[in-house]
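K.L.:
Starting from the known structure of chain A, fit chain B onto it as the hints suggest.
2 protein chains.
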Amino acid sequence: MDKILRIDVGAEGGPKATTEELGDYAGLGGRAMTSIVVATEVPADCHALGPENKLVISPGLMAGSAASTSGRMSFGCKSPLTGGIKEANAGGQAGQYLARLGYAAIIIEGEAKTDDLYLVYIGQDKIEFKVDNSLRMLPNYDLCDKLKPVYGEKVSIISIGTAGEMKMANSTIAVTDVEFRPTRHAGRGGVGAVMGSKGIKALVIDPAGTKIRKPVDQEKFKASNKEFVEGLKRHAVTGQGLPTFGTNVLTNILNEAGAYPTYNFKEGRYKDHADLSGEAQANLENERGGPGSATLGCHRGCAIQCSGTYYDKDGNFLSKQPEYETTWSHGGNCGIHDLDVVAKLDFMDDNYGFDTIEMGATIGVAMEAGVIEFGDTEGAIRLVDEAGKGTPLGRILGAGTAVTAKCFGLEHAPVVKGQAMPAYDPRGVKGIGVTYATTTMGADHTAGYCIATNILKVGGDVDPHAVEGQAELSRNLQIATAALDATGFCLFVAFAILDQQDTFSAMIETINGMYGLSMTADDVVELGKTILKKEREFNQKAGLGKEHDRLPRYFKREALAPHNITFDVPDEELDSVYNF
Amino acid sequence: MDKILRIDVGAEGGPKATTEELGDYAGLGGRAMTSIVVATEVPADCHALGPENKLVISPGLMAGSAASTSGRMSFGCKSPLTGGIKEANAGGQAGQYLARLGYAAIIIEGEAKTDDLYLVYIGQDKIEFKVDNSLRMLPNYDLCDKLKPVYGEKVSIISIGTAGEMKMANSTIAVTDVEFRPTRHAGRGGVGAVMGSKGIKALVIDPAGTKIRKPVDQEKFKASNKEFVEGLKRHAVTGQGLPTFGTNVLTNILNEAGAYPTYNFKEGRYKDHADLSGEAQANLENERGGPGSATLGCHRGCAIQCSGTYYDKDGNFLSKQPEYETTWSHGGNCGIHDLDVVAKLDFMDDNYGFDTIEMGATIGVAMEAGVIEFGDTEGAIRLVDEAGKGTPLGRILGAGTAVTAKCFGLEHAPVVKGQAMPAYDPRGVKGIGVTYATTTMGADHTAGYCIATNILKVGGDVDPHAVEGQAELSRNLQIATAALDATGFCLFVAFAILDQQDTFSAMIETINGMYGLSMTADDVVELGKTILKKEREFNQKAGLGKEHDRLPRYFKREALAPHNITFDVPDEELDSVYNF
Numbered sequence: 041m042d043k044i045l046r047i048d049v050g051a052e053g054g055p056k057a058t059t060e061e062l063g064d065y066a067g068l069g070g071r072a073m074t075s076i077v078v079a080t081e082v083p084a085d086c087h088a089l090g091p092e093n094k095l096v097i098s099p100g101l102m103a104g105s106a107a108s109t110s111g112r113m114s115f116g117c118k119s120p121l122t123g124g125i126k127e128a129n130a131g132g133q134a135g136q137y138l139a140r141l142g143y144a145a146i147i148i149e150g151e152a153k154t155d156d157l158y159l160v161y162i163g164q165d166k167i168e169f170k171v172d173n174s175l176r177m178l179p180n181y182d183l184c185d186k187l188k189p190v191y192g193e194k195v196s197i198i199s200i201g202t203a204g205e206m207k208m209a210n211s212t213i214a215v216t217d218v219e220f221r222p223t224r225h226a227g228r229g230g231v232g233a234v235m236g237s238k239g240i241k242a243l244v245i246d247p248a249g250t251k252i253r254k255p256v257d258q259e260k261f262k263a264s265n266k267e268f269v270e271g272l273k274r275h276a277v278t279g280q281g282l283p284t285f286g287t288n289v290l291t292n293i294l295n296e297a298g299a300y301p302t303y304n305f306k307e308g309r310y311k312d313h314a315d316l317s318g319e320a321q322a323n324l325e326n327e328r329g330g331p332g333s334a335t336l337g338c339h340r341g342c343a344i345q346c347s348g349t350y351y352d353k354d355g356n357f358l359s360k361q362p363e364y365e366t367t368w369s370h371g372g373n374c375g376i377h378d379l380d381v382v383a384k385l386d387f388m389d390d391n392y393g394f395d396t397i398e399m400g401a402t403i404g405v406a407m408e409a410g411v412i413e414f415g416d417t418e419g420a421i422r423l424v425d426e427a428g429k430g431t432p433l434g435r436i437l438g439a440g441t442a443v444t445a446k447c448f449g450l451e452h453a454p455v456v457k458g459q460a461m462p463a464y465d466p467r468g469v470k471g472i473g474v475t476y477a478t479t480t481m482g483a484d485h486t487a488g489y490c491i492a493t494n495i496l497k498v499g500g501d502v503d504p505h506a507v508e509g510q511a512e513l514s515r516n517l518q519i520a521t522a523a524l525d526a527t528g529f530c531l532f533v534a535f536a537i538l539d540q541q542d543t544f545s546a547m548i549e550t551i552n553g554m555y556g557l558s559m560t561a562d563d564v565v566e567l568g569k570t571i572l573k574k575e576r577e578f579n580q581k582a583g584l585g586k587e588h589d590r591l592p593r594y595f596k597r598e599a600l601a602p603h604n605i606t607f608d609v610p611d612e613e614l615d616s617v618y619n620f
Numbered sequence: 041m042d043k044i045l046r047i048d049v050g051a052e053g054g055p056k057a058t059t060e061e062l063g064d065y066a067g068l069g070g071r072a073m074t075s076i077v078v079a080t081e082v083p084a085d086c087h088a089l090g091p092e093n094k095l096v097i098s099p100g101l102m103a104g105s106a107a108s109t110s111g112r113m114s115f116g117c118k119s120p121l122t123g124g125i126k127e128a129n130a131g132g133q134a135g136q137y138l139a140r141l142g143y144a145a146i147i148i149e150g151e152a153k154t155d156d157l158y159l160v161y162i163g164q165d166k167i168e169f170k171v172d173n174s175l176r177m178l179p180n181y182d183l184c185d186k187l188k189p190v191y192g193e194k195v196s197i198i199s200i201g202t203a204g205e206m207k208m209a210n211s212t213i214a215v216t217d218v219e220f221r222p223t224r225h226a227g228r229g230g231v232g233a234v235m236g237s238k239g240i241k242a243l244v245i246d247p248a249g250t251k252i253r254k255p256v257d258q259e260k261f262k263a264s265n266k267e268f269v270e271g272l273k274r275h276a277v278t279g280q281g282l283p284t285f286g287t288n289v290l291t292n293i294l295n296e297a298g299a300y301p302t303y304n305f306k307e308g309r310y311k312d313h314a315d316l317s318g319e320a321q322a323n324l325e326n327e328r329g330g331p332g333s334a335t336l337g338c339h340r341g342c343a344i345q346c347s348g349t350y351y352d353k354d355g356n357f358l359s360k361q362p363e364y365e366t367t368w369s370h371g372g373n374c375g376i377h378d379l380d381v382v383a384k385l386d387f388m389d390d391n392y393g394f395d396t397i398e399m400g401a402t403i404g405v406a407m408e409a410g411v412i413e414f415g416d417t418e419g420a421i422r423l424v425d426e427a428g429k430g431t432p433l434g435r436i437l438g439a440g441t442a443v444t445a446k447c448f449g450l451e452h453a454p455v456v457k458g459q460a461m462p463a464y465d466p467r468g469v470k471g472i473g474v475t476y477a478t479t480t481m482g483a484d485h486t487a488g489y490c491i492a493t494n495i496l497k498v499g500g501d502v503d504p505h506a507v508e509g510q511a512e513l514s515r516n517l518q519i520a521t522a523a524l525d526a527t528g529f530c531l532f533v534a535f536a537i538l539d540q541q542d543t544f545s546a547m548i549e550t551i552n553g554m555y556g557l558s559m560t561a562d563d564v565v566e567l568g569k570t571i572l573k574k575e576r577e578f579n580q581k582a583g584l585g586k587e588h589d590r591l592p593r594y595f596k597r598e599a600l601a602p603h604n605i606t607f608d609v610p611d612e613e614l615d616s617v618y619n620f
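Sequence order for the protein chains is A and B.
Using my numbering, the first residue of the first sequence is number 41, and each one after it goes up by one.
Using my numbering, the first residue of the second sequence is number 41, and each one after it goes up by one.
Note that these hints are calculated values from the structure, not bench results.
Certain hints may be false.
Identical copies carry no separate label here, and so any pair may be met within one copy or between two of them.
As the list claims (entries may be wrong) - In silico BS3-like links for lysine-lysine, alpha-carbon gap of 25 Å or less: (1) Lys266 - Lys251; (2) Lys586 - Lys573; (3) Lys574 - Lys586; (4) Lys273 - Lys262; (5) Lys186 - Lys166; (6) Lys153 - Lys596; (7) Lys170 - Lys43; (8) Lys306 - Lys596; (9) Lys596 - Lys581; (10) Lys153 - Lys254; (11) Lys166 - Lys153; (12) Lys573 - Lys306; (13) Lys166 - Lys306; (14) Lys153 - Lys306; (15) Lys56 - Lys43; (16) Lys186 - Lys429; (17) Lys170 - Lys574; (18) Lys311 - Lys43.
Only chain A is shown next, with the shape it has when bound in the complex:
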């Protein structure tokens, strides 16, 4: 990881790659790399789909090593959805491979001179650009099927579906998983459209000939990593809840808390929540069987294994095991409680390249607007299909939740900075509301996952309905998350490291062992702060000041059942989040 691959798609005669030294970007990885490159090189007032924007891809600092659960890779750019800076990260195999190839980052820049669609092969011995317009409008699964015979299954594909090609504001970048399926997505903020705007359909990352990255201090690395893994296994969430039920373990918990947004954020509990729960999902998966039906990692070397594969009643592959946020967005939020339908929608989203959170929230808005009825499963399937094919209605939906509400003249758009809120009602869990409002990313639960402390009582206990303490909680988690997103460690390790000081220390020591450093927890905090400050500075220059760090007003006006609470954290509290 000592070099940067810079791809100029506007070079004479087609895209050109140059390798350069890290320079000022030395020591950066993941979100630290993407956000600092974007903040440094992209003019904040540019158009997200214009020539001045750049797509930065960066594996975490620990990627490609033997460190456990460190396969997250960051994608950064100016977001077509929010108009601010964006980092979206994904699991899958590519991060590890890219790191083993020695790349700390790929920076894709410039203005494509033609409408040709390119495939980029990145291997140890060569980098190759291939015009392949036969890939046009291929969904991600079809693309992988087409590339498999050419490149084999030992490469990893980073690709866009039809959504990215159509430059939709809801469009992901897909990364293939351990089964060569395009199931892991840098989902949020429309990063796929930026890749599409550069005329690149897919990157083939080939690790052939590369080796696992060697730690500087092998002893320390090995011992710390072992302790880190043991810590993950020991914690109730990372050791039991997630592996057994996947992220969907949360459905019953959030519903019980009265913070499970239903019918486009109208109510906080859903009568049919049990049908969508992780428990129901695990039962179904175990009953139906099939390879990977229970637990699976999204990349090799994961100690948590929260993923799985979802088959229909006849044993046919339907999708990866849908995440909690997906069963919520396409399920409860739309009045749908059929897990098979949710899995089908999850597959369609992965295939076309849509963020499931944004798409489900968008359909919720379309349902409230009367386009289809709440609970209409066939209708929901049709809508995602229209979006993936770019019909006029699909163009609306593909532009995201905020635009859909605008097109249908609806106030009820559950968005911040144009990005849809995930599966936690900010009135029922005020800490997450503070994160939605203030993160640089637009409404995003992962940016500062206060659910941990508000609901799961991990890392402390802050009453979800209280005003006090939420800003501080969100601030601390946002800082920690930004740092974590730089390492490539999965956010889910946070459950263990927030509760177990020794696991946190072990994680830091694993990094120290890898790089021969002597970082402390304070250094981690400093890194997090630096990242957030850079991001916020970019956003301010892009016109997203503190007035944009707000929830839509109706969350302050309309009370949420069953607790009949509004979001009442004062603006001054929200503005205090960046007091550091």
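P.N.:
Positioned in the frame of chain A, the structure of chain B alone reads:
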């Protein structure tokens, strides 16, 4: 004009009207009234279609009097299109009638409790609310046809078409003209949607029993008004150009200047401009004849008479005489050079309630996106029809130029603050570019019409291609315009008052005569500054800070033929506009 009519659409049992004294709003009219009420009473962070927004309707200070050319009426609210404050004014008869009824403003507020559609009758003896769902989705012309037998032609109708009912961000409020046609529109910023969100389809303003407003100083008023009218008649633009050719006198002039945006702002000259010119239009109208085919005022008492009626070759009414901005937006900007088609589109816009500038710019974007070809007249007609009927494609188009570009993944959206630029390329006329960028309204030529000085050499001479002097020019014109918009005098009087000091003095003395005041030119400037400051303060609180006072970056990057110039006024210059 000594009272305010406040309509609470959320009152128990249906909308309720109360009359109140002017209080702090005394002395305000037109834009001064609408902007100060909105800035005072509407929370800047509210949703434009939500219950906290208000629609303020206010005739100018001189409305209802014998002062010439003073029939403009202002409509203000938070804009569904820009997210900032909005004042859009219209000619037509209603302003005069409302003033004669004694209302300085109507403030429509609250949240409708049902989906019912209301008709509001406002006469001297009664105010009446009538549920009339049979009016649902009636276009403006059909609505007027339906109301004529009930109320006669001596009332004026303020109404929304289907666009406003569907709460589209491009939706106008129509005001009937001297021929009881709904041809005068408060066009920009989606004011129709705000009226629609309050559940009001139309206001019937009945002046029966009222008298013309009496000046305090009859002598001074009469003499000054006479001198003012003489000044208007004497000036080449207001006395000859506008009456003879309408606003469309500008087509040849702007094309010659290389600042006539063509093919979605791709080029600055249009080969077929002559077919669209005011000269061609006047020839056609004179040839075809019919009542009002030559010149007509948009309201009684206008000394300029820039309007007219446009008939087809068989003598059938097609539309009012289309304005320059309409022949540009639906014509040259879309590669269309058939005046009959433009007139048809103008009629459709008036009928459905679309702003012609926004709609033409939107179709230009749709053409660049490949929805239809440039020059496709049938296609353009179909698109406006889809918008008026609210098909999925129509929902995109009805949401305006910026949303259309977002839905189709296009950088080339010629907008500022989400509002489409009018018929003057900001690269070819940099003063108007400064106005587009910095006005509180989103791209708007009327907010500081630098074309006057840059091109027509009225009120001085500032080279349209120079950087120097544009910020000052725009600042001065924005201040003067804000004040003028408070009086109800038509913006077109500016040509005469900028060039002729005695005409300017006469205008001020007419106001002084009306109110028994002794205002000076300095007082007028102060009023303009106060209005702009209030508006800007609102915008800042709404999240539209100086970072939003910018043109899209491609105007700085892509040179405009034939002069091959970019927009190169530095940001610091733009930021200096509000240095007062």
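K.L.:
All the hints need checking, so say for each whether the structure fits it.
P.N.:
Verification of the hints:
1. In this assembly of identical chains, the alpha carbons of lysine 266 and lysine 251 lie at most 25 Å apart only when taken from the same copy (20 Å versus 92 Å across copies).
2. In this homomeric assembly, lysine 586 and lysine 573 come within 25 Å of each other (Cα to Cα) both inside a single copy, at 13 Å, and across copies, at 20 Å.
3. Within a single copy, lysine 574 and lysine 586 get their C-alpha atoms as close as 15 Å, and across copies as close as 20 Å, so both meet the 25 Å cut-off.
4. For the homomeric pair lysine 273 and lysine 262, the shortest alpha-carbon distance inside one copy (17 Å) is at most 25 Å, but the shortest distance between copies (92 Å) is not.
5. Taking the closest pair of Cα atoms, lysine 186 and lysine 166 come within 25 Å of each other only inside a single copy of the chain (21 Å); across copies the shortest separation is 74 Å, beyond that limit.
6. In this assembly of identical chains, lysine 153 and lysine 596 lie within 25 Å of each other by CA distance solely across copies; the values are 19 Å between and 48 Å within a copy.
7. Proximity of lysine 170 to lysine 43 under the C-alpha cut-off of 25 Å is restricted to the intra-copy arrangement: shortest distance 23 Å within a copy versus 73 Å between copies.
8. Within a single copy, lysine 306 and lysine 596 get their C-alpha atoms as close as 13 Å, which meets the 25 Å cut-off; across copies the closest is 44 Å, which misses it.
9. Within a single copy, lysine 596 and lysine 581 get their C-alpha atoms only as close as 28 Å, which misses the 25 Å cut-off; across copies the closest is 17 Å, which meets it.
10. For the homomeric pair lysine 153 and lysine 254, neither the shortest alpha-carbon distance inside one copy (41 Å) nor that between copies (68 Å) is at most 25 Å.
11. With identical chains, the CA atoms of lysine 166 and lysine 153 are at most 25 Å apart within one copy only, with a shortest distance of 23 Å there and 67 Å across copies.
12. Taking CA atoms no more than 25 Å apart as the test, lysine 573 paired with lysine 306 passes in neither setting, with 34 Å inside one copy and 38 Å between copies.
13. In this homomeric assembly, lysine 166 and lysine 306 never come within 25 Å of each other (Cα to Cα): the closest approach is 54 Å inside a single copy and 40 Å across copies.
14. Taking identical chains as interchangeable, the C-alpha atoms of lysine 153 and lysine 306 lie at most 25 Å apart only when they sit on different chains, with a minimum of 18 Å there against 47 Å within one chain.
15. Taking identical chains as interchangeable, the C-alpha atoms of lysine 56 and lysine 43 lie at most 25 Å apart only when both belong to the same chain, with a minimum of 16 Å there against 70 Å between chains.
16. In this assembly of identical chains, the alpha carbons of lysine 186 and lysine 429 lie at most 25 Å apart only when taken from the same copy (19 Å versus 42 Å across copies).
17. For the identical chains of this complex, lysine 170 and lysine 574 are neighbours neither inside a copy (35 Å) nor across copies (57 Å), given an alpha-carbon limit of 25 Å.
18. Proximity of lysine 311 and lysine 43 under a CA criterion of 25 Å is satisfied in neither setting, with 53 Å inside one chain copy and 52 Å between copies.
Of the hints listed earlier, those the structure fails to meet are numbers 10, 12, 13, 17 and 18, in rising order.
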